[in-house]
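Trainee: Top to bottom, those sequences are chains A and B. Mapping the first sequence onto our numbering, position 170 (from 1) lands on 170, and the numbers just tick up by one. Mapping the second sequence onto our numbering, position 18 (from 1) lands on 18, and the numbers just tick up by one.
Dumping the calculated PhoX-like pairs for lysine-lysine here, alpha-carbon to alpha-carbon at most 25 Å:
id	chain 1	residue 1	chain 2	residue 2
1	B	Lys33	B	Lys349
2	B	Lys274	A	Lys262
3	A	Lys212	B	Lys20
4	B	Lys8	B	Lys26
5	B	Lys282	A	Lys3
6	B	Lys349	B	Lys27
7	B	Lys176	A	Lys3
8	B	Lys256	A	Lys262
9	A	Lys3	B	Lys284
10	B	Lys8	B	Lys33
11	B	Lys274	A	Lys3
12	B	Lys11	A	Lys3
13	A	Lys212	B	Lys259
14	A	Lys262	B	Lys259
15	A	Lys289	A	Lys212
16	A	Lys235	B	Lys274
17	A	Lys212	B	Lys256
18	B	Lys191	B	Lys315
19	A	Lys212	B	Lys274
20	A	Lys235	B	Lys20
21	B	Lys256	A	Lys289
22	B	Lys114	A	Lys3
23	A	Lys212	A	Lys300
24	B	Lys191	B	Lys307
FRET-style restraints, in silico, Cβ to Cβ:
id	chain 1	residue 1	chain 2	residue 2	range
25	B	Asp180	A	Gly79	43 to 49 Å
26	A	Glu317	B	Gln64	36 to 42 Å
27	B	Lys27	A	Ala334	37 to 43 Å
28	B	Asp287	A	Asn106	30 to 36 Å
29	A	Glu317	B	Gln96	39 to 45 Å
In short, the hints are calculated from the structure, not lab data. Since we're looking at a predicted model, the values are computed, not measured. Glycine is no exception: its CB is placed at the ideal position from the N, C-alpha and C atoms.
If you want the building blocks of each chain, they are given just below.
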Amino acid sequence: MPKKSYRMAINEAIRHEMRRDPNVIILGEDVAGGQGSSGGPGKVGSVFGVLAGLYDEFGAERVFDTPITESAIIGAANGAAMTGLRPIAEIMFVDFIGVCLDQVYNQAAKFRYMFGGKAKTPLVIRSTIGAGFRAGAQHSQTLHPLFTSIPGLKVVMPTNAYDAKGLMIEAIRDDDPVIFLESKLLYDTEAEVPDEAYRIPFGEANIVREGKDVTIVGFGLMLARAQQVAEALAKEGIDCEVIDPRTTSPLDEDTLLESVEKTGRLVVVDESPPRCSLAADIAAIVADKGFRSLKAPVKKVTCPHTPVPFAPSLEDEYMPNPRRITEAVRAVMAG
Amino acid sequence: MSAITPIKMPKWGLSMIEGKIVEWHKKEGDALKEGDDLVDVETSKITNVAEAPTAGILRRIVAQPEDTLPVGALLAVVADASVGNADIDAFIADFQSRFVPETDEATISGIPTKTLQAAGRTIRYAAFGEDKHGVPVLLLHGYSADLNNWLFNAPVLSEARPVYAIDFPGHGGSDKDVADGSAVFLAAVVKDAMAALGLSRVHLVGHSMGGAVAVRFAADYPASVASLSLLAPAGLPGSIINLDFVTGIAEGRRAKDIKPWLEEIVADPNLITKDMVEAMVKYKRLDGVEEALLVYRDRFAAGADAKAIAADLPKIPAALVIASHNDKIVGAPDPARLPSGWRVVFMDKTGHMPHMEAAGDVNAALLAHMG
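Given these sequences and hints, build the entire structure.
Mentor: Given below as structure tokens:
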């Protein structure tokens, strides 16, 4: 099976759906890509190159650049979705969601409910997340806990190229608004990705490593770090189960609870400040529904409660890293 | 030193690059006969037993359970009792100092596949031993399987003749439109695929649903069939069809739903690895697969193809059938109701996958039948 990057897997998913369904359109800042550059329109395809070539294939009618006005992007996308199109809107960095948050949480997320189920909002909002990119406090946040807390939104955090394609196709075919969060540091990672279209259902966690001693949950970029720690600790005889929830809303609680029932120990790795994080959320769910399985307190490995620092040495320490994950696993093993 | 035989990590198929030791059936000092079950080895596809290649004493076990080792790595040493321990030590040291795992491209990327056009559809296929002469072999997989099912067989069968394996519509890398899913349609796909490959006459080998298609094909195109071999075939007199299994595979979406059904296909459920289940889940997620499998399911349930096959059996004077009374998917055919020239071999230690569960025996039987 061909190996493809996370970036190319998302591109392929969108290309496939645009060929399959003429109602799928793309809008956002610089999504056509390269206008005014020496390459010309279509040659870059959004700031990280995820949409490269789509303008060439589908033209300006279906891949169009907007002004630098996030409220216009999401407002237009909401209207398009309600009138039968299936827009894929891009917010270049998730940090910019603030200026269009009303359109997201008070409009898109509410249409189906407030129109008595008669309105559908088949909208995908793509955005990039995460620190480690040396981009400063306003271009490095994750914000998935914010979206996860809003009823009416589905929230997707792919951790690898194979999942990214299947989850994007599922997102485009879904009739509700989906927030699709792409980890910037994963764009160049590769996996075996089929050429054909396939769907990965939302709310279906992936047990990426089976183990019996400790359950480690990781989102987005953090999953790879959890896996790295699990492999290293296996050599010492600590057998970690590693779980990728894939989507934070809906959340596959059953798989998490079944795993903790087996291991009795839980570490949640979340690139997010600790308060109201997914780590806090999952710790609360397990304390509520799986308390009797627990052999040790749940450990959260998160960022500190600060903005993302710009100094590279501080930024590296800000993000959950293998050392801190290892310490958390050892702590729960000690009881 | 000539009396010392190394036991190496076997290579079961093109895509195998390493294997994990599960369990030794013999301990150091045991006397071995050639063909004795020696050690269980787990690969990314299946767990299988490696047999003793020669008689002798199992002098030293080098690889321990849970060890994962590359193909060709030293697992154990067999020698007569007369060989001294120092010679055994020297042999092992010498072997280990020279051993380099193979890492060629073909091994790492798995079975190389191509596509052809048949019955208006894109069909994926794999070719082995294309430089060989002789009547080619054509392999037809079963329901919800694909050409990767033949990874223990194609390399052996292709030592003396070319071997081709196709993916039926709705399966593997072929188009997912399966028309009416009938045996007649699938036989037409086989006919077209043979034409596209330039094959006029083949040794036809079919497993399960592919077995029923092979019978249909042999009845309709006798001149195109040099020999007919059927492995756990569906649709023969006395066979059953486990529709719960067929539906469970068609409708299951999560690993935990699919795994129990996959465990039904083999005699020893421990053969079903996490990777096998994951591969099935990934296949099931592809656009069109669930719909395709449900078309086949409805076709099996209707039973018309099996009836037509039973009526046409007298047109096929000879065939080899390998079946098991412990097959939970199609059961076993009734030899008394098959044409007198047909030979039925029961391998009751296997379930529904004799070509994977007892690859060595099945390969030998196939080669003998092809002549």
